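Participant: Residue numbers (my numbering), protein chains in the order written: chain A, 80 to 542; chain B, 3 to 452; chain C, 732 to 1037.
These aren't lab readings, by the way, just hints derived from the structure by calculation. Certain hints may be false.
Here are a few chain C residues that face chain A, going by a calculated C-beta distance under 10 Å [what the hints assert, rightly or not]:
1. Arg835
2. Arg839
3. Arg872
4. Phe897
5. Asn899
6. Asp930
7. Val934
Straight-line distance between alpha carbons at most 30 Å, and here's what the computed DSS-like set of lysine-lysine pairs gives [claimed, not checked]:
8. Lys945/C <-> Lys177/B
9. Lys40/B <-> Lys99/B
10. Lys945/C <-> Lys247/A
11. Lys259/B <-> Lys168/B
12. Lys40/B <-> Lys177/B
13. Lys99/B <-> Lys177/B
14. Lys247/A <-> Lys924/C
Keep in mind the model is a prediction, meaning the values are calculated, not measured. All C-beta atoms, glycine included, are put in the ideal place defined by N, C-alpha and C.
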Amino acid sequence: MKTVPARAARPIPVKNRNLVTVRNLRRYFPIREGALQRVVGHVRAVDGVSFDVRRGETVGVVGESGCGKTTLGRCINGLLPPTDGGVYFDLGDDEHARLDALTAMPSEARTREQAAELERLDRTHRVDRLRGEAWRSYRRNCQVVFQDAFSSLNPRQLVKDIVGRPLKVYREASGSELMERVVGLLESVGLGRQHLYRYPHQFSGGQRQRISIARALALDPDFIVLDEPTSALDVSVQAQILNLLNDLQRERGLTYLFISHDLGVVRHMSDRIVVMYVGEIVEAGTRDDVFNSPLHPYTEALLEASPELAHDTDRRAGALEGRVPDPARPPQGCRFHTRCPVVTPSCGFEVDDAVRMLEGRGAGLDHLRGVQRRSAFEADLSFDDEEFAGLMVRVLEGPETPAEMREAMIGLTRSGSTVAIRFRDIDRVRLEEIRPAHVTSCILHTGQGLDPGDRHMREKNGG
Amino acid sequence: MTDPARTLGEEVGGLDAAADRRAPLASVQDLRIQFRTKAGRVHAVDGVSFDIRDGEALGLVGETGCGKTVTARSFLRLVPSPPGIYAGGRVQFRPRKRCEVCGGAGCGACGGAGRVPTACPRCRGTGCSECNLSGEETVDLLRVPERRLREIRGNRIAMIFQDPGKALNPALPVKQQIAEVLHVHRSEELLRRAGIDSDAGVLMPLLRRMAEQRSRRAERVLLGLPPGRRHSRRLGAAVAEWVAESLAETRIANPRKVMNSFPHELSGGMKQRVMIAQALACDPDLLIADEPTTALDVTIQARILELIRELQDRHRSSVLYISHDLALVNQVSDRVAVMYAGRIVESGPSQAVFRDPRHPYTRGLLAAIPTATDERGRLMAIEGTVPELVDPQPACRFHARCPYAAPACRTIDPPLRAHRDDRPVACFLYESAEEVGADRSSMPTWAGRR
Amino acid sequence: MLDAARPRVGGHRVRAAAVRLRRFASVGGEVLRNPTTLAGVTIIVAMVGMALLAPVLTEPNVPDPYQMPRDWGALNEPPGTPDHLLGTTQHGGDVLYGIIWGSRTSLRLSLIVVSVTVAIGVIVGSLAGFLGGRVDEVLMRIVDVFLSIPELIFALAIAAVLGPSFGNIILALAAVFWVKYARIIRGQVIHVKQNDYVDAARVIGDSRLNIFVKDVLPNSITPVAVQATLDMGNVVLIGAALSFIGLAEAGLAEWGVLVSQGQAGISAGRWWASTFPGLMVFLWALAFNLVGDGLRDVLDPRTERR
Ligand SMILES: Nc1ncnc2c1ncn2[C@@H]1O[C@H](COP(=O)(O)OP(=O)(O)OP(=O)(O)O)[C@@H](O)[C@H]1O
Ligand SMILES: Nc1ncnc2c1ncn2[C@@H]1O[C@H](COP(=O)(O)OP(=O)(O)O)[C@@H](O)[C@H]1O
Ligand code: SF4
Ligand code: SF4
Ligand SMILES: [Mg+2]
Ligand SMILES: [Mg+2]
Ligand SMILES: [Zn+2]
Ligand SMILES: [Zn+2]
């Protein structure tokens, strides 16, 4: 006997198809140093991300730790204001088209009317600009479930207070009606009346996650951000939670943004997939496209590293060398070029790569005295004496240096104890649609700035 | 009571006994560990038996709280007690040494293992009651004196933990933490590597103490002065050399730089590599890895798994690999034991268990992993959670969650034994009513699925 | 059918209260299980009982019971004298009277100082921690200034400037102690604020005040409770020190004053006038410290979980 009627499967409307629209979203965190806490740089946690979430679907976001998944989720939730760009909620179809037209052009090129139109869209739909009633309505419709079921429930509140709180905040119910609604919610996540008067610490991880889900459902939202809701759980409990999430989605017509680093889970849950790397989207498409015919080498590497998928496809755990670059100083060109197994000379080799390579070889970097950068691609390295400078030049020219890097180096000259090094100047890569609704930023597919000879070279090297 | 370890090992572990005639490296026999709590006695490990043979990787799989960590910790007697109690059973360990014929590469003399048993110190290899007439040194890790245990810990048996961040000391540079095990267990070899055995003369005792890291301040000052300085510097260089070597083995980039950094300066994957380097520095016979990749990213996880496999091959050591992910264990281990609520419910070669799971729990674990063919939202989840193990009654521990559970399951303990082939499983679905001594109608059947 | 069994609104309140009470009682029981804590609690109960029953235990002095009575006929009587069980001071004050009424003074002192400082400290610290940014910077600079001066010296300076009186001792102590609470609570608030449940409450759309009151404060307050218990003892200790060096009015029935005035007689063998009150100061501080430590063990979140 539920007092909250479970909604019959809600038909996906043909109108207002896009529930969440993310455009050029950037979120930087200042790095402060010293006694005065001066800002010395920025962590670019999310760096120019655009995608849509349509009503009733699940969009999966995957990527390694620190690539900005949580930050993206928090921006969409309104917990963090974006540094630039924005998240638009519940745009009409026409508005969506207008927004795309307006954001596509550079801001200087907009006419006064166009700027005013954008401003109006921002005021009515951009999450960080919403006020009053619009804000309240957005708040009710966009909920969240966090990864850590331990820290997402207040240890000093009873379950009835935790789950009933949203209803109290919006004065939806009180007294015994409130209690019945809470019981209904608990029942819909597989808990019951007997759990009302318990504290969170009396529950297992899976049960706690159920309580979190019940709280998120209390206001009957349209959209829920699920930030790794099962990665702290065992496989068996994970399966229970995934089933529950799916049942709820079907019953209530929910839309999910499902964040996870587990590809097996993301594939199981999602209609469309967004693959992130160091704050950027590197590939996006339908689930089947991304999993069956991945375009980006990073996606391929992720697939190979996943034991569950290895089981399906007889792939053995593959190797992805190196570590995720520092998002405070992301690599030039394609951000994956520091680890890409099929990298080409046009992918954005820069001074940092040369220095890192010398460092990895242990090649006398103790004798490096300074690096004067003219740009990311051009610098003077000064050494203790001519001998080391000469040695460095030989290393950089020799077979120890990857062929692609040597190819990308368009200048390497020594004068005295200083080595001037220069790489090709490469633009940041852009996403392009390779197949219908399947985008990637890898230049092997987009062809962007790719030297025809480089593709040839890659084939020659057996890439 | 002297039950010959050899036959017992085969009977209890029951696993592929013909392959290796030699007594296994370690055998756990009917291990019972309990915790005293407010609610009563938690039977965290309740009659677990298995063998770990030379050079093999054994996987131990099960959900959170089923007793994997407690089992692993009992190898080094690291279960916190109180509240823990070693309530019964044995953990027998037979230390090895490098085969002198082949120098560890594997030959006929050592049966390809590269390691040979050490002789029983009591009978010098002729066989006595202490070693069950095997002539091999056999230590019961639960009863051996603390002193001997310290010689084994970190030296013959090493352990890596789930959270590398917590296992490393944040206040010490990486080098010192790895050097520590060398100072404790390998001081002789350190001296030899530093080339200090002949020419040091009267300084020798001091240097020895230094290699054991037991020097007092005054001794260190003395060794810092000219006659001793040369030797102490060489010793320091030998330590650094060795540490760098073991770090390099984990293929960490730039070992010399990593060596001098503090744990907080390293990423999770690097910290886990440091842990591995520390664990393997003394070339242990057994490496226990307790969910070493659970805290790491998928990509790094793949690298660490590969590394453990590779190092195991190279060092020819045995590995006890613990995880809750059967797919992952399948990748790294030769054999697997599935644990549920303090007991082993199934064991066998990993491939076989993975392809053809027998126990309903193992089936459930595998079915719960999302695959390409699962319809969305229709994963086969095992409903419920691991039961509280407070003063358990005889019954199949899995009965409350098992789709086949029948009356017999609720009143009798299913024994772990092999049936059609040599793969043991503890479930009445594989037993006949006569064997169990129960009523036929009370037995579970495959048809009786709820 | 089911409706009959379902508790009504009031029923829910009662049940929730019962659950909370049980939890509180279990914490209390845990505290008392530790023998040293139990000893502390016993001493505190005895002392508080003594303070409450002071008028029953001894005849109050008229007109002001907080002044020592003067019995000019019995100067420097040793303990055991009839009517003066613990002896008298050089001014003919009954030491036992001083101890009994002094416990009232001490209790008053502790309660006032601790409650005032906790209130100020919690307000300042939680504002700084919760709001962060500029507010935090300004408030914490002020706190730093206060912290840079040693406690006792600071209290001394204030008391010296304001002149000797009991009220001024309270003021001096309050000025010293609030800083510690501000520090503790700020650290806690900053830590607690990072928990996902705070974000969850924001996502629901709850007000900042509500989030602070329901989520942040209750989870930050435990170390303050422990510190406050410890300070109940410490205040009396420092208060006694201030009285000892003469910053309280002479003739006050207060332990520190008694110690101070009695110490002159120690060399002459009249140990009792300062030893007994000194013992009381010691016991008082010890008792609260024992209880504070016990509380810390029990309230430690790690042990609370189990
Ligand atoms: N409040 C903050 N201040 C400074 N840097 C931050 C902050 N939050 C996140 N970052 C940084 O932004 C980057 C992206 O972080 P984010 O938490 O979004 O990663 P993630 O993809 O969710 O990773 P994970 O899989 O570990 O959850 C990281 O480099 C992180 O250190
Ligand atoms: N220190 C302890 N005190 C009380 N119970 C414990 C303690 N450590 C472990 N246990 C209990 O022992 C059981 C097995 O724990 P563990 O071996 O850690 O499980 P896992 O399989 O997840 O490694 C659990 O029920 C756990 O609650
Ligand atoms: S653009 Fe493509 S090939 Fe080049 S580094 Fe990036 S992923 Fe690799
Ligand atoms: S069938 Fe019976 S014995 Fe077998 S697992 Fe299920 S409950 Fe246990
Ligand atoms: Mg995250
Ligand atoms: Mg464990
Ligand atoms: Zn050999
Ligand atoms: Zn023997």
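Participant: For every hint, state whether the structure bears it out.
Facilitator: Verification of the hints:
| no. | hint | result |
| --- | --- | --- |
| 1 | Arg835 | violated, 35 Å |
| 2 | Arg839 | violated, 32 Å |
| 3 | Arg872 | violated, 13 Å |
| 4 | Phe897 | violated, 39 Å |
| 5 | Asn899 | violated, 37 Å |
| 6 | Asp930 | holds, 6 Å |
| 7 | Val934 | holds, 5 Å |
| 8 | Lys945/C <-> Lys177/B | violated, 47 Å |
| 9 | Lys40/B <-> Lys99/B | violated, 45 Å |
| 10 | Lys945/C <-> Lys247/A | holds, 13 Å |
| 11 | Lys259/B <-> Lys168/B | holds, 22 Å |
| 12 | Lys40/B <-> Lys177/B | violated, 43 Å |
| 13 | Lys99/B <-> Lys177/B | holds, 26 Å |
| 14 | Lys247/A <-> Lys924/C | holds, 22 Å |
In this structure, the earlier hints numbered 1, 2, 3, 4, 5, 8, 9, 12 are contradicted, and the remaining ones agree with it.
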